[in-house]
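Trainee: Chains as they are written, first to last, in this note's numbering: chain A, 1 to 273; chain B, 1 to 295.
These are computed hints drawn from the structure, not numbers from a lab.
For each residue, glycine too, the CB sits at the ideal point set by N, CA and C.
Now the stretches of chain B that chain A is said to cover, found in silico as 3 or more residues with beta-carbon under 8 angstroms:
id, segment
1, 45-54
2, 131-141
3, 267-273
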Amino acid sequence: MSSNTTGYKLTKADFQQINRRNLLGFQAGWNYERMQHSGYLWIILPQLRKIYGDNTEALKTAARTQCAPFFNTSNFLNTIITGIDLALEETDGLDSLETVASLKTGLMGPLASIGDSIFGSLLPTIFGALAANMAMQGNPLGIFIWIAVNIVVDWFRCKQTYIAYDQGMKLVTTMSDQLNAITDAATVMGVFMVGALVSTNVGIVISAPIDLGGVTVDLQHIANVICPKLVPAALVGFVYWLLGKKGMTSTKAIFIVLILGIVLGALGWVAKG
Amino acid sequence: MIAWWQILLLTLYAGFQIMDELHWYSSAGSAVFSGFITGLVMGDMATGLFIGGSMQLTILGVGTFGGASRIDANSGTLIATAFAVSAGMDPEQALAALGVPVAAILVYTDILGRMANTFWGHACDADIEKMNWNAYNVHYLMGAVSWMLSRMVPVFLALAFGQPLVEAITTALNGDLAWLGTGLTVAGGMLPAVGFAILLRYLPVKKHVAYLILGFVIAALLGTAFTSIAGISGDVATVAGAAGAEIAGGDYNSLSMLTIALIGFALAYIYYQQHQAAPVAAVAAGAEGDDDDEL
Numbered sequence: 001m002s003s004n005t006t007g008y009k010l011t012k013a014d015f016q017q018i019n020r021r022n023l024l025g026f027q028a029g030w031n032y033e034r035m036q037h038s039g040y041l042w043i044i045l046p047q048l049r050k051i052y053g054d055n056t057e058a059l060k061t062a063a064r065t066q067c068a069p070f071f072n073t074s075n076f077l078n079t080i081i082t083g084i085d086l087a088l089e090e091t092d093g094l095d096s097l098e099t100v101a102s103l104k105t106g107l108m109g110p111l112a113s114i115g116d117s118i119f120g121s122l123l124p125t126i127f128g129a130l131a132a133n134m135a136m137q138g139n140p141l142g143i144f145i146w147i148a149v150n151i152v153v154d155w156f157r158c159k160q161t162y163i164a165y166d167q168g169m170k171l172v173t174t175m176s177d178q179l180n181a182i183t184d185a186a187t188v189m190g191v192f193m194v195g196a197l198v199s200t201n202v203g204i205v206i207s208a209p210i211d212l213g214g215v216t217v218d219l220q221h222i223a224n225v226i227c228p229k230l231v232p233a234a235l236v237g238f239v240y241w242l243l244g245k246k247g248m249t250s251t252k253a254i255f256i257v258l259i260l261g262i263v264l265g266a267l268g269w270v271a272k273g
Numbered sequence: 001m002i003a004w005w006q007i008l009l010l011t012l013y014a015g016f017q018i019m020d021e022l023h024w025y026s027s028a029g030s031a032v033f034s035g036f037i038t039g040l041v042m043g044d045m046a047t048g049l050f051i052g053g054s055m056q057l058t059i060l061g062v063g064t065f066g067g068a069s070r071i072d073a074n075s076g077t078l079i080a081t082a083f084a085v086s087a088g089m090d091p092e093q094a095l096a097a098l099g100v101p102v103a104a105i106l107v108y109t110d111i112l113g114r115m116a117n118t119f120w121g122h123a124c125d126a127d128i129e130k131m132n133w134n135a136y137n138v139h140y141l142m143g144a145v146s147w148m149l150s151r152m153v154p155v156f157l158a159l160a161f162g163q164p165l166v167e168a169i170t171t172a173l174n175g176d177l178a179w180l181g182t183g184l185t186v187a188g189g190m191l192p193a194v195g196f197a198i199l200l201r202y203l204p205v206k207k208h209v210a211y212l213i214l215g216f217v218i219a220a221l222l223g224t225a226f227t228s229i230a231g232i233s234g235d236v237a238t239v240a241g242a243a244g245a246e247i248a249g250g251d252y253n254s255l256s257m258l259t260i261a262l263i264g265f266a267l268a269y270i271y272y273q274q275h276q277a278a279p280v281a282a283v284a285a286g287a288e289g290d291d292d293d294e295l
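Could you put together the complete structure from these sequences and hints?
Mentor: Put into structure tokens, the structure is as follows:
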């Protein structure tokens with residue numbers, strides 16, 4: 001045990017406090033300069049005060065090392081780093097700070113990409129789209145399904161703090177294999193759902209009046225014979241292509257489609273369907 | 001008109017939703033929930049659900065694409081729903097004419113809030129040097145105030161002072177500018193395509209293109225079939241009613257997305273099992289090959 005700690009051992013109440021602070025305010029201090037730097041310290045500050053003793057130089061050094069550098073990771077997985085960090089600081093005190101600093105910089109990138117793809121993208125795709133689809137038919141049930149899923153996710157976010165504290169770095173290596181398989185399977189469902197949603201939620205049909213020497217051609221009918229919902233698929237394909245252009249952002253794409261819709265709709269070439 | 005208590009509730013929700021999205025993430029900070037709650041407050045849940053749902057689909061993949069600033073879909077939905085109900089605007093027009101522009105403009109108050117927090121970040125640094133932990137807590141939590149104000153102030157201003165403007169727009173769209181109204185309705189129907197395209201850019205489409213086709217075709221065929229059946233059953237009921245006959249038939253609803261999602265889940269599960277099995281089989285084969293050496 002290092003001489004600069006009080007020898008305090010973290011209890012269940014400590015972890016509950018960390019999880020509470022994490023779920024209620026981890027990103028409150030997010031800013032452009034160093035992003036989650038002050039939040040990382042804020043959720044473990046009470047515990048650091050116990051580990052190093054209040055108003056000691058050691059505490060000041062530890063707090064400074066945690067708060068000063070840039071930090072940004074997935075807000076769904078950040079407590080994995082916190083758990084590993086606390087296990088180290090609790091036993092080695094200030095001597096561990098160098099390891100902790102490299103741990104934070106080393107893990108924040110990989111955890112951000114895992115967390116963003118699963119919790120920031122896949123779950124919102126599958127359950128957000130489900131909720132949205134049901135909502136557009138006037139049914140709020142999908143929203144409550146999504147809330148239920150997120151309660152499970154939040155439970156998991158609390159659980160992982162304990163697991164990370166117990167297992168340390170071992171967790172990161174064992175986790176990555178399992179997660180890869182699950183993420184891959186979840187992408188299958190994500191892609192499938194996008195396909196289904198394109199056909200049900202892009203509501204347009206061709207209404208352009210085409211007159212070939214007295215014979216009117218119903219383009220929408222022709223499209224329907226090829227495949228139902230062909231027009232929505234073509235539109236999504238167009239926007240997909242558009243997004244591959246250099247300098248294109250999602251906001252620009254939204255406005256291009258908005259203007260395109262107004263023009264085509266006003267001309268009467270495309271109608272709501 | 002929007003009553004004062006409606007403005008108050010919606011402004012409070014605007015502050016709450018950003019904290020939800022940043023922290024506990026219950027999905028109460030999503031566009032579809034924003035539409036739901038605004039619809040309830042305004043007394044027209046269906047309109048809110050429709051606008052919220054459309055907006056949710058429009059921004060499906062936005063959070064992950066390119067890391068650029070993202071439009072504030074929640075506040076956009078809130079404003080669009082509130083005015084769609086109070087000014088009697090068509091929901092699709094409200095989405096395109098109010099929801100998207102408001103969401104895009106509010107990117108700037110979001111940036112303002114994040115910049116203000118840089119100041120509080122430095123205050124926190126100073127508190128550490130003074131070892132003033134109470135001040136650290138206060139300065140840290142001031143960040144939450146910047147976040148909430150970045151949503152609450154614009155939403156309040158729009159709700160409190162936007163009514164005459166929105167009423168003028170609605171009148172124009174139903175009168176001289178009817179062509180624009182038609183265009184906006186079509187644009188509202190097209191917008192979800194952007195969300196899907198963004199997602200496809202992000203997901204490994206090339207690898208999983210078979211599942212994309214499956215999802216599309218299954219939903220397209222079933223969706224068309226269900227709509228047709230519902231149409232026919234309506235006709236049959238009318239004819240039967242006119243003839244005084246009574247017909248026994250099923251209860252025809254539109255296509256249930258939840259069931260489609262179950263097919264997707266089954267496919268994902270099969271995929272998972274196959275890709276779990278592969279390494280195990282390889283190990284088993286390897287073990288057999290090693291048998292001679294072992295014995």
